[in-house]
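Going down the list, the protein sequences come from chains P and W. Note that this note's numbering has the first sequence beginning at 747, numbered continuously upward. Note that this note's numbering has the second sequence beginning at 37, numbered continuously upward.
Treat the hints as calculated values from the structure; they're not laboratory data. None of the values given here were measured: they were computed from a predicted structure. Ideal Cβ positions, reconstructed from N, Cα and C, are used throughout, including at glycine. A couple of the hints might just be wrong.
[As the list claims (entries may be wrong)] On the chain P side, residues computed to face chain W include the following (Cβ under 10 Å): (1) Gln752; (2) Phe756; (3) Tyr777; (4) Tyr779; (5) Gln783; (6) Gly788; (7) Arg790; (8) Leu791; (9) Glu798; (10) Gly809; (11) Asn811; (12) Gly823; (13) Trp843; (14) Gly844; (15) Phe849; (16) Gly852.
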Amino acid sequence: NAGVTQTPKFRVLKTGQSMTLLCAQDMNHEYMYWYRQDPGMGLRLIHYSVGEGTTAKGEVPDGYNVSRLKKQNFLLGLESAAPSQTSVYFCASTRTWGTEAFFGQGTRLTVV
Amino acid sequence: AQSVSQHNHHVILSEAASLELGCNYSYGGTVNLFWYVQYPGQHLQLLLKYFSGDPLVKGIKGFEAEFIKSKFSFNLRKPSVQWSDTAEYFCAVNARETGNQFYFGTGTSLTVIP
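With the rest of the complex left out, here is chain W (with noise of 0.2 Å):
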């Protein structure tokens, strides 16, 4: 089963729409989780990373993410995107309990149009 569920797999907005992709995990206990970012043909980077403290995380380029644990859940937003931020999602997780392993998501594909 997939232990990192991505729900958009593709979303489609206007340029100044906030946005929203969801993440959530199956993993109990500690977690560092984080969001990355790929644009077309590059490499993935990271968009932003929560490790423990303030449950909301800021990133680069105007991105946030919210994690709620009650709710397993590790939500990206972003209030007005740009059509540069035309990109693939992945979120992702590295649990305690799954040992060394880096789990991603399936990806969002996000596309802006100006």
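Next up, chain P with everything else stripped away, as it sits in the complex (with noise of 0.2 Å):
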């Protein structure tokens, strides 16, 4: 039981870049989170999905664009990746409202 993977686990990208990250969950979970990790800032919200097919915007959505085609695959991407994005992004699935959620092993990105 593999749980919530994430792809790929490092990258660097140059400015302007372009690169999807890939989070599959095997839990056959409804909701499923984008987050980024930051030096004192805790997680943020990137964006959601409460189901296949949906998804919305969290605490700091500008610069991604994500999409949930299937249940359990929620990918992130990175359209023009700037400097600003360099960060450590964590995946998470939930049952549904409420529950617990289970994370990702994070995709630690640099971008110079």
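Assemble the dimeric complex from its two separately framed chains, guided by the hints.
Below, the structure is given as structure tokens:
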């Protein structure tokens, strides 16, 4: 039982490049979330999804896009990376509202 | 404004000392409350959670937390910390009034000195 898997684990991008982070969960969870973690700022919600085909903005959505075409996958896209997007990105999923969140191992992204 | 506040940013304790980490939130109505721990280089793991019922909840590794509705608080405690408790601790809130969003505090870094 893999839980929540994030791909890739590390990535270095040049300013202006694009990339997609993949989050996959095998627990049949309805809700999925993307967070970024920065020193002294905790985890901030970027986007989330309450079910297949749905997405919604979180606290810091600018510069990111997401898609949830399949229930088990939640993709986070950066269309034109900026140094301010250097961060550790975590994906999480929950069975439904208010239940425990399960986290992936994180993706460390550096934009130079 | 920050909706989940953790007042202690960095705590240093000696082994066997008692621990209390503060967490306050600003939502009314129904809330679900969580404490997560992040060991160095790892992802977040659930320590304990409160949904309803007894306001004193017990979690893994001897941690407990008390929900005080009138104070909008959910403080984490442990009577005697160990070196292996060195980690970052996050309080999280899921509130009906915020829809489906899961908000985290800024975290408290705990260092336990052997």
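Hints versus structure:
{"no.": "1", "hint": "Gln752", "verdict": "9 Å, holds"}
{"no.": "2", "hint": "Phe756", "verdict": "12 Å, violated"}
{"no.": "3", "hint": "Tyr777", "verdict": "6 Å, holds"}
{"no.": "4", "hint": "Tyr779", "verdict": "6 Å, holds"}
{"no.": "5", "hint": "Gln783", "verdict": "9 Å, holds"}
{"no.": "6", "hint": "Gly788", "verdict": "4 Å, holds"}
{"no.": "7", "hint": "Arg790", "verdict": "8 Å, holds"}
{"no.": "8", "hint": "Leu791", "verdict": "6 Å, holds"}
{"no.": "9", "hint": "Glu798", "verdict": "15 Å, violated"}
{"no.": "10", "hint": "Gly809", "verdict": "19 Å, violated"}
{"no.": "11", "hint": "Asn811", "verdict": "18 Å, violated"}
{"no.": "12", "hint": "Gly823", "verdict": "20 Å, violated"}
{"no.": "13", "hint": "Trp843", "verdict": "6 Å, holds"}
{"no.": "14", "hint": "Gly844", "verdict": "4 Å, holds"}
{"no.": "15", "hint": "Phe849", "verdict": "4 Å, holds"}
{"no.": "16", "hint": "Gly852", "verdict": "6 Å, holds"}
Hint violations for this structure: numbers 2, 9, 10, 11 and 12, all remaining hints satisfied.
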